[in-house]
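Model the full assembly from the supplied sequences, consistent with the hints where possible.
At position 273 of the sequence shown (counting the first as 1) the number is 419 in the numbering used here, and the numbers step up by one without a gap.
It should be emphasised that the hints constitute simulated quantities derived from the structure, not laboratory data.
Treat the hints with caution; some may be incorrect.
[What the hints assert, rightly or not] Quick list of the computed label-pair ranges, beta carbon to beta carbon:
(1) 441 - 325: 31 to 39 Å
(2) 391 - 325: 56 to 64 Å
(3) 392 - 351: 25 to 33 Å
(4) 389 - 287: 52 to 60 Å
(5) 304 - 451: 16 to 24 Å
(6) 175 - 387: 34 to 42 Å
(7) 510 - 469: 51 to 59 Å
(8) 181 - 232: 19 to 27 Å
(9) 175 - 232: 24 to 32 Å
All figures in this text were calculated on a predicted structure; none of them were measured in a lab.
Cβ atoms here follow ideal geometry from the backbone N, Cα and C, with glycine treated the same way.
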Amino acid sequence: MARLTSVVLAGGGTGGHVYPLLAFADCLRRHDPRLRITCIGSPHGLENELVPRHGYELRHVPAHQLPRSVNMDLLRTPGRMWRSARAAGGILDEVEAEVVVGFGGYVAVPAYLAAWRRELPLVVHEVNVPPGIANRLGAMITPHVAVGFAHQRTEVKSLRRARLVGVPLRRRITTLDRQVLRGEARDHFGLRPDAPVLFVWGASQGARSINLAMAGAAKAVSAAGVQVLHLTGARNEDVEVPDDLPMPYVTRRYLDEMELGYAAADLMLCRGGAITVAEAAAVGLPAVYVPYPHSNQEQRRNALPVVSAGGGLLVDDDALSPAWIERNVLPLLKDPQRLAAMAAAAAGHGRRDGDEALRDFMLEVIPG
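Written as structure tokens, this is what we have:
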């Protein structure tokens with residue numbers, strides 16, 4: 147087979163679309179530093195912050211939210227979408243793309259349509275149940291669909307024939323040995339080496355309900371001899387933590403080096419986004435999942451298989467409170483044997499080769 151020279155990756159808006167895209171781009175670059183990798187995104191998504199920082203070319207096309215009901219927006223959508231598709235097509239032609247790999251988000255639709263019109267190989271990667279509307283459309287125009295989790299193929303009729311590849315994860319995550327890095331990670335955050343650590347975060351933007359529950363439980367948690375590493379989120383107010391706690395309580399808004407957070411922790415309290423669940427399972431970190439409540443329950447579906455396997459706990463957002471944390475999280479953090487069993491169960495459900503498996507799938511669908 148002739149050497150692949152140009153790949154276009156499409157997706158954006160949120161971390162759930164951008165982080166797998168970047169992990170896959172890194173995988174492609176490891177195999178061939180000469181390969182041209184072009185990312186298509188919108189002018190306003192998280193990709194604008196992350197893609198250039200990681201050294202990849204980002205090209206913009208207009209992204210329009212697809213209406214979910216019959217209204218005037220639906221009547222205007224075809225014209226808007228084809229204009230965006232023409233812009234995406236111009237990029238595909240300019241970079242002489244040989245394949246398009248999409249990760250969802252509204253901005254992926256123009257790239258899908260442009261690839262379809264040019265009869266270019268198109269691979270769609272989906273991590274949620276139900277699939278996002280962009281990837282539902284993508285799956286209608288290509289047979290090459292990959293999923294991140296086994297339960298997607300059993301719960302969604304249109305995904306039963308999809309290839310299970312796992313979720314592409316950052317190399318710093320897939321190569322992490324939590325035990326080896328633990329001392330360095332705790333020292334990095336100013337945490338003690340000899341006391342359990344609860345790692346709290348509500349995804350990149352934060353979760354107010356988690357922040358408030360932890361702030362309310364801070365005194366009890368600290369009095370129980372537990373340390374806390376708390377990421378409050380980029381768009382949340384600072385958490386008011388008492389300044390006379392006997393154990394370290396470290397707060398930050400965001401953390402680029404998530405592998406250090408995972409290595410420092412004994413247990414995580416978090417949302418149930420697909421990337422969070424995939425990373426926690428891959429590194430063998432037990433977690434208490436608090437799914438985002440204002441959605442179609444995809445975060446609950448993401449977390450349930452790991453929880454059912456024994457790798458975590460699940461609590462509804464409206465049930466999370468300081469008292470719940472005291473009753474359920476603190477006893478767990480004081481039980482090393484149970485934590486070890488949960489860590490093993492989580493690791494047994496995770497996988498670290500999603501990037502390589504998706505690359506193999508992509509290469510299979512390219513003619514020649």
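Structure-based check of all given hints:
1. Against the hinted window of 31 to 39 Å, the Cβ-Cβ separation of residue 441 and residue 325 comes to about 35 Å, which satisfies the hint.
2. The hinted window of 56 to 64 Å between residue 391 and residue 325 is violated, with their beta carbons roughly 27 Å apart.
3. For residue 392 paired with residue 351, a C-beta distance near 31 Å keeps the hint of 25 to 33 Å intact.
4. Between residue 389 and residue 287 the beta carbons are some 57 Å apart, a value that agrees with the proposed interval 52 to 60 Å.
5. Taking the beta carbon of each, residue 304 and residue 451 are about 19 Å apart, inside 16 to 24 Å as hinted.
6. The beta-carbon spacing between residue 175 and residue 387, approximately 41 Å, falls within the hinted interval of 34 to 42 Å.
7. In this structure, residue 510 and residue 469 meet the distance hint of 51 to 59 Å, their C-beta atoms being roughly 53 Å apart.
8. Checked against the given bound of 19 to 27 Å, the beta carbons of residue 181 and residue 232, roughly 26 Å apart, stay inside it.
9. For the hinted restraint 24 to 32 Å between residue 175 and residue 232, the CB-CB distance of approximately 29 Å keeps it satisfied.
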